[in-house]
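Colleague: So you can see what is in the structure, the chains are spelled out below.
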Amino acid sequence: MQIRVIHILCFWLFTGQAWAAENWYWKGGVELLAKGYNDSMKLHDLTGIGGMLSGDYMERGGFVVSYNVNHINYQSNISSDPKSIDEAVLMLGGRFNFHPDGLPGRVTLRLDGYRENDDMHYRVSGSGSSKKIVTIRDRVVGVNPVASFLNYTKTFYADVGYAYTHYHSDDSAVDDVNVRQWAPTLGFGLNRSYDWLQLRAYLISLSASNRVADKDITSALEVKWSHWFTADVPLDLHSARLAAVVGKRIYAVDSDASTMFSVSDLQTGAISIAMEWRLGDQISTVLQGGYESYEELLSNDRYNSVYMYVSVSQSW
Amino acid sequence: MLTKNLFILVLVSGFLVPVYASGATDPWIESYRLEALAQYDSAAKSLEQIIKEQPRNEFAILRRGWLGYLRGAHNEAIRDYQRALDINPLSLDARLGLMLPLIAQQRWREVAAHASQVLEVSPWNYYAHVRLMISEEGEKQWEVLARHADKVHQRYPSDVTVLVYLARANDWMKEHKKARKAYAQVLERVPGHIEATQYLSRY
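Residue numbers (numbering that gives the first Met the number 0), protein chains in the order written: chain V, 0 to 315; chain B, 0 to 202.
If you are wondering where the hints come from, they were derived from the structure by calculation, not from laboratory data. Heads up, some of the hints might be wrong.
Computed cross-link-like contacts, DSS-like style, restricted to lysine-lysine with a CA-CA straight-line distance of at most 25 Å [claimed, not checked]: (1) B:K177 x B:K150; (2) B:K173 x B:K139; (3) V:K26 x V:K82; (4) B:K139 x V:K153; (5) B:K150 x B:K180; (6) V:K26 x B:K139; (7) V:K41 x V:K130; (8) B:K150 x V:K223; (9) V:K153 x B:K173; (10) V:K153 x V:K82; (11) V:K153 x V:K214; (12) V:K153 x V:K41.
A short, non-exhaustive set of chain B residues, derived as facing chain V with CB atoms under 10 Å [claimed, not checked]: (13) A72; (14) P100; (15) Q104; (16) E142.
These numbers come from a predicted model, not from an experiment. All C-beta atoms in this analysis are idealised placements derived from N, C-alpha and C, irrespective of residue type, glycine included.
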């Protein structure tokens, strides 16, 4: 349903008005992700690649489409766990900007839709040439509407985001789970908007499911501080960002990163640093490194991960 | 001949005198009078009858757009300027006017698009260049703004506004020597200019 709504929005965006081609602002990019898990009884590593394309018609609105594939390798010593998982995530989003005269800023209504297939590959018998692999698919759909306000002086931002995600497995022994998330956000621009402090709460409720044991509510706070540089900066940085998550969250939807955290374990903390460089007027690259800690709900296994992420994007 | 002219004068007076004697006023005069009193809403309302009777009166619509901008009804102003552009697509007045409420709403890309359209047919139009510079400042395109302001300064060497944008762009790029030079030129043109004075006292 939500995918259909996004298709309709995109169709309207393209055909509903005779909008001039030269007034579209495009951005395309590719990204790579590599993650290693420490102290986990089941997870070993993750590698991912993705691409995105966004188009904005001046300041009136725009759309974004992205596609990511991730490959997760499991520890090979537990026969009940999958050998590996292949994730494929399609995201479509649309946004419209409004400038009401009664408000000192811009209002944006945004709707993102996600479709993810997780193919879990199990080794069911034998080894070597006699081994057999069975694949069971997890299907995830998500919808994430966000209403936001940014004042004209770019010193204050607020949004209210809601996300609904549904996880379904082809394995009848695994329950479906419905996830509802409220994510109110406040942002503050400082130093002539060259610094940005953002606070986002994640209030997540889960339906009863054997995926999440007895857990039905999680809450976390994400804090981000971004700084944009002007000139004479070490390493010629364009911007840098520090982010941290305190509290606990599971199956979160991050509307800034346009990402669903479909890992079925409880995230108990995270910290990351990102640096952005501009390679000319139109090309930028982001390098991000981070640390995350997790707790597996069913076994109480505590583990952590360290990741590196790099993206290159071009605007035109 | 004299008798005929007198007859016409009496006839015209007969039409005019009752109009003004009844207290009705010329809507244009009323509109300008109310604008001078900063009663922009009433000034716009005084044009309503004209626009109702002449829906394609380009100037009345342009003027209502201007009054809408002055009273902060930016969306109404945008609609009026767009309507004026629909009536007369060649109008630079409407396009330049349209940029004002767009600037107020910080729609920098739309401002730049309209400025570019004006500059296509009028390459050194001062207002289009200044409004494009405002857009470049809003987008933090400091190198673009510095180059642009420098070019416009060569065409309008006595202008202060262009020099201020040149100085600001250089300041953001930490080109303090160039910023100082531009602000010093501002002070030559407007002694006591607050922004220039403050900058030169700091650097």
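Colleague: Output the indices of the hints that this structure fails to meet, ascending.
Modeller: 3, 8, 10, 11, 12
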